[in-house]
Amino acid sequence: GQNIDQPTEMTATEGAIVQINCTYQTSGFNGLFWYQQHAGEAPTFLSYNVLDGLEEKGRFSSFLSRSKGYSYLLLKELQMKDSASYLCAVGTIYNQGGKLIFGQGTELSVKP
Amino acid sequence: DGGITQSPKYLFRKEGQNVTLSCEQNLNHDAMYWYRQDPGQGLRLIYYSQIVNDFQKGDIAEGYSVSREKKESFPLTVTSAQKNPTAFYLCASSFDNNYGYTFGSGTRLTVV
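Protein sequence lines, in the order shown, are assigned to chains A and B. Using this note's numbering, read the first sequence as starting at 1 and increasing by one per residue. Using this note's numbering, read the second sequence as starting at 1 and increasing by one per residue.
The set of hints was computed from the structure by calculation and includes no laboratory data. It is possible that part of the hints are untrue.
[Unchecked claim] Rough simulated footprint, nothing fancy, chain A against chain B, three-plus residues with beta-carbon under 8 Å: (1) 30-41; (2) 45-58; (3) 103-112.
This one's a predicted model, so the numbers in the text were calculated from it and none came from an experiment. Heads up, the beta-carbon is just placed ideally off N, CA and C, and yes, glycines get one too.
Work out the full structure, taking the sequences as your base and the hints as a guide.
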């Protein structure tokens, strides 16, 4: 079967660093995505990893280990506006519909 | 500018009524998807379509129906058979599995 796990909620302090973990079990793995979703809004794309290693994009970085079925999203220099839900999603190979399988999301609260 | 548009933003339905949620994209994307999001839960796939005139059931298709008569449009009908339709509905499209999704802004459906 297919399964994605991430913590339900996390709290961090403004200016700090936080790491949100995601573990997955899926067949036909074809990349891992991270999305940010503010309450009542649509998810917005943050990052994509298909090969092992770290992808850095400004304050946000994402890491993937395919052999371990593991990814993390690293947020540096946290700002209050980073309070949101962070969704981990795994892509499947195209002939399975090209659809993404989503985790339940991690609700991040940034405190002053 | 290209994008994906969902309407209406808020929708109220009386019990026993069918309602149709609109989703239109001008991104020239082949694939389109409908997800449902409930509080504290991740995105659950309702239906998806890879090409015109073809669509597949997702994980929670019961009580829903779709059509894909045009590449740009993928409307979702919530039928009276859906026992608990109150939720946030998200439409998404993708050009290729490696590019992830572009999401619409969502429709919040409430049964009154």
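Does the structure break any of the earlier hints, and which numbers would those be?
none
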